[in-house]
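S.K.: The primary structure of each chain is shown beneath.
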Amino acid sequence: RKEVEQDPGPFNVPEGATVAFNCTYSNSASQSFFWYRQDCRKEPKLLMSVYSSGNEDGRFTAQLNRASQYISLLIRDSKLSDSATYLCVVNIDNYGQNFVFGPGTRLSVLP
Amino acid sequence: DTGVSQDPRHKITKRGQNVTFRCDPISEHNRLYWYRQTLGQGPEFLTYFQNEAQLEKSRLLSDRFSAERPKGSFSTLEIQRTEQGDSAMYLCASSLSTFLSGYTFGSGTRLTVV
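Top line first, the protein sequences correspond to chains A and B. Each number in this note's numbering corresponds to the 1-based position in the first sequence with 75 added. Each number in this note's numbering corresponds to the 1-based position in the second sequence with 159 added.
Just chain B, same shape as in the assembly:
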């Protein structure tokens, strides 16, 4: 598999529950990004990693959100105490370490908080 994989594809959870999503980037890509997208909007940047280091976090990423990338391979995004406003598509992307490279996105995880 040469693409970016995300798991699960869909997640329905009750408000207040914790959820965790996983992203497996393209193996030779050392940058990994998390974005969130709601209907009718473009993807919004959440955070990114270069190898295992989390280099930037958006102010959108409240303290209920945490992301990790142990060993610089796959990444997880956890949302604690989910709220209805967290319902969105969570997209993971990876790229090479050059700003001339575009991203390759995974298919996303669609979260619905009920």
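Pulled out of the complex, with its shape left as it was, chain A reads as follows:
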């Protein structure tokens, strides 16, 4: 099993739709989780950290399910500018020093 897995997509959704991505991880001891956004031919940029209790930032909600070892990202009221690849990042060691990126999920928001 890969350390971090994501559905590569693409997810094609109309503007205004709600879309959700999941990311599964293999190391039950992982402590830190993040979502990054990467635009085509650009560097990844931190979108949000994922806290145990779940967290929200505007239209974006991140959740962690430790029992099932996955994190999720929910985007409400999708905008055209949300079109990007969303990368899940998980630390894979017990010291939080080694982070692994998932392959990313591509989102296209259509007019």
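Hints may be right or wrong, so weigh each one.
Short, incomplete list of chain B residues facing chain A, as computed with Cβ under 8 Å [unchecked claim]:
hint, residue
1, Q200
2, G201
3, P202
4, L205
5, E215
6, A247
7, Y262
8, F264
9, G265
If you're looking for bench data, these hints aren't it; they were derived computationally from the structure. None of these values were measured; they are calculated from a predicted model. Ideal Cβ placement from N, Cα and C applies to all residues, glycine included.
Chain A is already provided as a structure; the job is to place chain B on it using the hints.
M.R.: Same frame as chain A, now just chain B:
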């Protein structure tokens, strides 16, 4: 400049040549990471430094690859005897010494080996 800087942005080299990339992290960040990314994949971890100490290297980092971070400031990544399979985006990131901190990435160096 408060971001992570990488130089050069693009590098085209002939197979067999050596190349060196530079990364200047955010000044207060003591951790520095190198990742490699190919089309359609997420970034793959290569190595990381805490201050000047190289604490971990991926098995992806063959003996043709070497990284340094003298004085714990900027870092260089050298690839010797480049191969076509080395063509990728090489990303540098920096962070603070806490696993609760995310990374800040530089814009990357795109290497093409012809």
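S.K.: Each hint should be assessed against the structure and marked as holding or not.
M.R.: Hints and how they fare:
Contact between Q200 of chain B and chain A, as hinted, is supported at the beta carbon level, the nearest pair being about 6 Å apart and thus within 8 Å. Hint status for G201 of chain B relative to chain A: holds, with the closest Cβ pair at about 4 Å, below 8 Å. Restraint check, P202 of chain B versus chain A: the minimum CB separation of about 5 Å is within 8 Å; hint holds. The interface hint given for L205 of chain B is broken, as the beta carbon of that residue sits about 11 Å from the closest beta carbon of chain A, more than 8 Å.
Nearest Cβ of chain A to the Cβ of E215 of chain B: about 6 Å, under the 8 Å cut. The hint holds. Residue-level restraint check for A247 of chain B is violated (minimum Cβ-Cβ distance to chain A is 13 Å; threshold 8 Å). Residue-level restraint check for Y262 of chain B holds (minimum Cβ-Cβ distance to chain A is 7 Å; threshold 8 Å). Given the 8 Å rule on beta carbons, the hint for F264 of chain B holds: about 4 Å separates it from the nearest Cβ of chain A.
Against a cut-off of 8 Å between C-beta atoms, the interface hint on G265 of chain B holds, since the closest Cβ of chain A lies about 6 Å away.
Violation of the numbered hints given earlier is confined to hints 4 and 6; the remaining hints are satisfied by the structure.
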